[in-house]
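Here the protein sequences line up with chains V and X, keeping their order.
Going by numbering that gives the first Met the number 0, the first sequence opens with residue 0, and the numbers climb by one from there.
Going by numbering that gives the first Met the number 0, the second sequence opens with residue 0, and the numbers climb by one from there.
Just so you know, the hints here were simulated from the structure itself, not pulled from any lab data.
There could be a bad hint or two in this list.
Unchecked claim - Which bits of chain V does chain X cover? Going by a derived footprint, with three or more residues having C-beta under 8 angstroms, they are:
#1 165-178
#2 187-194
To be verified - Which residues of chain V face chain X? A few of them, derived with a C-beta cut under 10 angstroms, are:
#3 K90
#4 K92
#5 K94
#6 R183
#7 A184
#8 V197
#9 D269
#10 K302
#11 G311
For every residue, glycine included, the Cβ atom is placed at its ideal position computed from N, Cα and C.
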Amino acid sequence: MNIDKIMTDGLAFALPLFIMAIGGIYSERSGVTMLSIEGFQGFGAFVGAITVVILRTAMGASPDWLIYIATLAAVLGGMLLALLNALMVIKLKSKMTIAGVVINILAVALTSFLSSVITGAVTGQATTKIQLSVAPRYTIPGLSKIPVIGGLFQNIYPFAFIIIVVAALAWYVLYKTRYGLRLRAGGDNPHSLDAAGVDVNKLRFSAVVLAGGFAGLGGMAFTYTVANFSPASYVGYGYLSIAALIFGNWNISTTFWTSMFFGFSRSFSDQLVNELGLSSNYSDLFSVMPYVLTLIVLIFFSKHNRPPRALGEHFDKGKR
Amino acid sequence: MAEPIVELRNITKRFPGIVANDNVTLDIKKGEIFALLGENGAGKSTLMSILFGMYEPDEGQIFVRGKEVHLTSSKDAAALNIGMVHQHFKLVSNYTITENIVLGDEPLKRFGPFSWVDLKGASEKIRALSLEYGLEVNPNDKIQDLQVSTQQRVEILKMLYRDAEILIFDEPTSVLTPQEIEYLLDIMEELRRGGKTIILITHKLEEIKRVADRCGILLRGKLVGIYDVATTTTQRMANLMVGKEVDFSVDKPDHEFGEVVLDVSNVTVYNDLKVKVVDDVSLEVRKGEILAIAGVSGNGQVDIADAIAGLQNISEGSITLNGEEISNLSIKERIAKGISYIPEDRQKEGLVMDLNLRDNLAIKTFDREPFSKKGVLQPNAFEDQAVDLIDRYDIRSGQGSQTITRSMSGGNQQKAIIAREVELDSDLLIFVQPTRGLDVGAIANIHQQILDQRALGKAILLVSLELDEVMALADTISVVFRGQILKTDDARNLSKEEVGQYMMGVTK
Ligand SMILES: Nc1ncnc2c1ncn2[C@@H]1O[C@H](COP(=O)(O)OP(=O)(O)OP(=O)(O)O)[C@@H](O)[C@H]1O
Ligand SMILES: [Mg+2]
Numbered sequence: 000m001n002i003d004k005i006m007t008d009g010l011a012f013a014l015p016l017f018i019m020a021i022g023g024i025y026s027e028r029s030g031v032t033m034l035s036i037e038g039f040q041g042f043g044a045f046v047g048a049i050t051v052v053i054l055r056t057a058m059g060a061s062p063d064w065l066i067y068i069a070t071l072a073a074v075l076g077g078m079l080l081a082l083l084n085a086l087m088v089i090k091l092k093s094k095m096t097i098a099g100v101v102i103n104i105l106a107v108a109l110t111s112f113l114s115s116v117i118t119g120a121v122t123g124q125a126t127t128k129i130q131l132s133v134a135p136r137y138t139i140p141g142l143s144k145i146p147v148i149g150g151l152f153q154n155i156y157p158f159a160f161i162i163i164v165v166a167a168l169a170w171y172v173l174y175k176t177r178y179g180l181r182l183r184a185g186g187d188n189p190h191s192l193d194a195a196g197v198d199v200n201k202l203r204f205s206a207v208v209l210a211g212g213f214a215g216l217g218g219m220a221f222t223y224t225v226a227n228f229s230p231a232s233y234v235g236y237g238y239l240s241i242a243a244l245i246f247g248n249w250n251i252s253t254t255f256w257t258s259m260f261f262g263f264s265r266s267f268s269d270q271l272v273n274e275l276g277l278s279s280n281y282s283d284l285f286s287v288m289p290y291v292l293t294l295i296v297l298i299f300f301s302k303h304n305r306p307p308r309a310l311g312e313h314f315d316k317g318k319r
Numbered sequence: 000m001a002e003p004i005v006e007l008r009n010i011t012k013r014f015p016g017i018v019a020n021d022n023v024t025l026d027i028k029k030g031e032i033f034a035l036l037g038e039n040g041a042g043k044s045t046l047m048s049i050l051f052g053m054y055e056p057d058e059g060q061i062f063v064r065g066k067e068v069h070l071t072s073s074k075d076a077a078a079l080n081i082g083m084v085h086q087h088f089k090l091v092s093n094y095t096i097t098e099n100i101v102l103g104d105e106p107l108k109r110f111g112p113f114s115w116v117d118l119k120g121a122s123e124k125i126r127a128l129s130l131e132y133g134l135e136v137n138p139n140d141k142i143q144d145l146q147v148s149t150q151q152r153v154e155i156l157k158m159l160y161r162d163a164e165i166l167i168f169d170e171p172t173s174v175l176t177p178q179e180i181e182y183l184l185d186i187m188e189e190l191r192r193g194g195k196t197i198i199l200i201t202h203k204l205e206e207i208k209r210v211a212d213r214c215g216i217l218l219r220g221k222l223v224g225i226y227d228v229a230t231t232t233t234q235r236m237a238n239l240m241v242g243k244e245v246d247f248s249v250d251k252p253d254h255e256f257g258e259v260v261l262d263v264s265n266v267t268v269y270n271d272l273k274v275k276v277v278d279d280v281s282l283e284v285r286k287g288e289i290l291a292i293a294g295v296s297g298n299g300q301v302d303i304a305d306a307i308a309g310l311q312n313i314s315e316g317s318i319t320l321n322g323e324e325i326s327n328l329s330i331k332e333r334i335a336k337g338i339s340y341i342p343e344d345r346q347k348e349g350l351v352m353d354l355n356l357r358d359n360l361a362i363k364t365f366d367r368e369p370f371s372k373k374g375v376l377q378p379n380a381f382e383d384q385a386v387d388l389i390d391r392y393d394i395r396s397g398q399g400s401q402t403i404t405r406s407m408s409g410g411n412q413q414k415a416i417i418a419r420e421v422e423l424d425s426d427l428l429i430f431v432q433p434t435r436g437l438d439v440g441a442i443a444n445i446h447q448q449i450l451d452q453r454a455l456g457k458a459i460l461l462v463s464l465e466l467d468e469v470m471a472l473a474d475t476i477s478v479v480f481r482g483q484i485l486k487t488d489d490a491r492n493l494s495k496e497e498v499g500q501y502m503m504g505v506t507k
């Protein structure tokens, strides 16, 4: 079996999942139920991809650094959709779960509509499938030669580095800074924040928008691993990241490990299918393995897990 | 005493359908303990929330230290050194004491572009404060592991940490045991000696007598007057706050008890955490008898009541009602057999807070005739019953049968529950802490209701933390300690002091 490949692919899958889960953690720890990671990641990736198309056409060339512009655009795109979500749940006080589902449906519809309109206008050829260049990959000399885990250091996407830095920052902000202390209080007892003179709704608003940014980053990373974006890119990774954060008990460091668990169980099952040379019917069966594992894991662990106490409750000053 | 530190001028605050504060003018002097007294719903919490910046008044002015101020959030109040301990604590349960105290006013440490919350430094400051005022806490404990009295200390420390000079306490003693109350009142006096100004909201007149200098009385949102505590009797305070003569005498004629209605024998209960909370308890309640379970909070008394009502399973023993075993029946079946239950937490277990009064009053009988016929609800029957009960039990609310119960004052919520439960006409009535947080008028009213049920020959089980209430009402007293019944005796044979001793586990 190709251990190196399992390691490489596992990490490439796990890291975007992890950063998206961090987005969910930010939102949920502030008290806002977050089901729209899926929509944020898709919409963010779309904005990234379409930015590439526009710049590529304008410049007539496709330099490597476009990938960073795309990433930035994806983050902003995710935040944009998250802004809408935040308006719905915080300003208009719509039900958080319903808003999440609406955002996800909206994202799919909006991206297929917009991508044909924009590609049509920019390139003259309307399509919902946006081809991207292949991302550069890096191998770290020395480390990549370590037996078994050497694969972790081979063929790394540039996103891996970005995600690791952003995730470390996100951890620091959530657990060490003033903003983080307040954010986590919002999901447990928002009235305590209000009594301390902190604007709960503003805080939650910012947490949801940040969640959109994290999800956009994850979405762009996924998109570059397949080198194209289409509405078919919505394949449930957003939901999987939510499972990862629940399994990770709404805690960033635990969620790191659960994301890794999902990532490697997926690359392992992919390799298994390859190795055994199974027909596509069976390979499908194996591809559901990570999801079945998720289900089993959640059944056993969700009992011990503690969602934030005020999760899903709108904050209303007057309510007694 | 010194100049006024706070002046409220013509404060008016309206909520839908009600004027919570109606043109209230009062001033508070520096260094005094000022008590605020009033019936449930009189507007005390609202008035103080205005001073703390949580609500903005519709009309009126606020002066602090002689200067007019406009408070739009509690931050503004904190900047003026005003602090408040709310009726319902506002603490983050999975945070440490330190994290809770610094929240909103975090000390930072910096390095380059990075800054982080200096929890270590804060912990030390909190430790020092807690020593200075005798408020013992361990700054690194988590709130969820603390008893209520310790949580309250955290709330007090929170104010002191922010250098509050004006300290508002909203019903701080309703959650404390008698010993803890003494301790808290001592701390208040200590704070006054330290030059702090204290505003104390409470329903307990003895506490006002014990610590307060002056007392402002609110009645239906209006200020009745401000009185010198030293020269005003508690009876007069009570009369002023209710607006009429309050009768504290209890009329409890001796009578013969009938046959046994409730028989609990050798019952053991484990809670969700598999801890034994009720340990081999036996008791009997007869027709026309009030059996009171006395004890310090958390000694299993509520679990006994819950086990009888069916909210908790028993692991050993038997419970019979009129000779019939009920320990395997569902809650609903037990209600049908004749158990009425007035729970400790009226908001969680007694009422559906977002339903209206009419539906709450029918919530145990909606599936019976005449409220439903062949599975179809009969709204007219609901309405008729609500109108009748609101009238007979004097349940006051903004919009009658249509009032959402959440907006009702605590006393009226309790009246609604009692009306519903008494109307079930059950053989056994269980009252758990029936007067917690209620004003003296409402308490007298509820005590009368309980005695009326006794006169009708009902069996009554009363669980109360208030020793005075137990002594006033009980025919028989059982004292619980650590889940066991230490002593059961005719109430006439026991003095208040003796019961108090048993409550502490002293068996002589
Ligand atoms: N946020 C709110 N929305 C609607 N009505 C309210 C609100 N807050 C208070 N009220 C109403 O205003 C009135 C005064 O309430 P407040 O809480 O000030 O009474 P209180 O004197 O503190 O009573 P208690 O002794 O029961 O605590 C009550 O009738 C209450 O129902
Ligand atoms: Mg109040």
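Status of the hints after comparison with the structure:
1. Residues of the stretch 165-178 of chain V with a Cβ under 8 angstroms from some Cβ of chain X number 4, which satisfies the need for three, so the listed coverage holds.
2. Given a C-beta distance limit of less than 8 angstroms, the hint that chain X covers the stretch 187-194 of chain V holds, as 7 residues qualify and 3 suffice.
3. Using the Cβ-Cβ criterion of 10 angstroms, the hint placing K90 (chain V) at the interface with chain X is not satisfied: the shortest such distance is roughly 19 angstroms.
4. At its closest, the beta carbon of K92 (chain V) sits 15 angstroms from a beta carbon of chain X; the interface hint therefore is violated under the 10 angstroms criterion.
5. Taken as an interface hint, K94 (chain V) does not check out: its beta carbon lies about 15 angstroms from the nearest beta carbon of chain X, beyond 10 angstroms.
6. Against a cut-off of 10 angstroms between C-beta atoms, the interface hint on R183 (chain V) holds, since the closest Cβ of chain X lies about 8 angstroms away.
7. Among the interface hints, the one on A184 (chain V) holds; its C-beta lies about 5 angstroms from the nearest C-beta in chain X, closer than the 10 angstroms criterion.
8. Evaluation of the V197 (chain V) hint against chain X yields a held restraint, the C-beta minimum of about 5 angstroms falling below 10 angstroms.
9. Checking D269 (chain V) against chain X: minimum C-beta separation of about 39 angstroms lies over 10 angstroms; hint violated.
10. Look at K302 (chain V): its Cβ only gets to about 12 angstroms from chain X, farther than 10 angstroms, so that hint breaks.
11. Checking G311 (chain V) against chain X by beta carbon gives a least distance of about 15 angstroms; that is not within 10 angstroms, so the hint is violated.
In the structure shown, a violation is registered for the earlier hints numbered 3, 4, 5, 9, 10, 11, in ascending order.
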